[in-house]
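Going by the UniProt record's numbering, the letters in the sequence shown line up with residues 1 to 326, in that order.
Calculated directly from the structure, the hints in this document are not laboratory data. Heads up, the beta-carbon is just placed ideally off N, CA and C, and yes, glycines get one too. What you were told as hints is all true, and nothing was included just to trick you.
Taking lysine-lysine and the DSS-like style, the derived pairs with C-alpha atoms no more than 27 Å apart in a straight line are:
#1 K98 x K302
#2 K197 x K184
#3 K98 x K251
#4 K251 x K302
Here are the simulated distance ranges between beta carbons:
#5 Y33 x Y326: 19 to 29 Å
#6 G66 x F106: 43 to 53 Å
#7 S323 x I164: 37 to 47 Å
#8 W196 x V223: 34 to 44 Å
#9 F130 x F304: 41 to 51 Å
#10 H234 x S127: 23 to 33 Å
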Amino acid sequence: MSEFKSRAEASDKNTGVFLRGFLKPVNDHKWLYIFVIPGFLWMVVFCFVPMFALVMAFQNFSPYNGTTMIGAFVESPFVGFSIFKTLFTGPDFLRILKNTLTISIFSLIFYFPAPIILALLLNEIRSYPFKRITQTIVYIPHFISWVIVATLTAQMFNTSDGIILHLLKEVMGRRAPDIMSNPKLFVPMIIGQSMWKETGYGTIIYLAALASVDVQLYEAAVVDGANRFQKLWHITLPGIRGTIIIMFILKLGQVMNTGYEQIFLMQNSMNRSVSDVFDTYIYTRSVVNGNYSLGTAAGLFKSFVGMFMVIASNRFAKRFGESGLY
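Produce the complete structure using the sequences and hints provided.
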């Protein structure tokens, strides 16, 4: 009896030590944890809770198969991987896959380096007030809604009174092409919008990485006679290489996400052949047509591709001696 009591006391003591060790950092940084709560709740409600609905990808789901939502999941028949077969053999799959990858690849080529280049340029500005003003100006487009961006684009490239097409007409001396309805110009327009809106805001993390580069390295390079380009190539870029690799891995994880809101707002009947991507396909099949199983299967396929790209690129980075994402 005494042995059991001593074990219980030791267990209670260990539990108390664990709780004190766990709660101490929480108590020391309680305000930081309080600020984390809204983001954590957002993640739980909009990212983790919807995962329970992934079972729809393996069911012939209908919200009318029961008196409650849970009843609809229970009553809907299990069909295995037949929904995925319908997705992969459908007439639209290869087209939306091609459109999605086209936008993602061009985004990697043109949009991904843009914040890095802009951050390097901002880092070279020596006037602090001018640098702060410039940073504020380039951050502003991020906070503009895609609805406003799409409206501005439509007004600027309107065939009747758009200012850009009017200037092109004056320069070329003939009618400018209808950019909004030309399928060949849809991808450049989407990439251009993304670069205008997000490049400035994307510099924040790179500027933070640049601030961590040891200043003594630049001083030593000046003593050795290095010019500005040599300092950039041999000190600055290697100093932020880890950050660039991590951001590139995360970008590869989003290769199947092209931005539903932007694509949907810029889509019309004339460019639909190149603007239909997985995001719009899921919306059309799930919300418009009510085929929730097919939409869920497409979303799950997107997630698997993104997960594969993150794991593969992370292993590839580690093979070359980089820290990687994890």
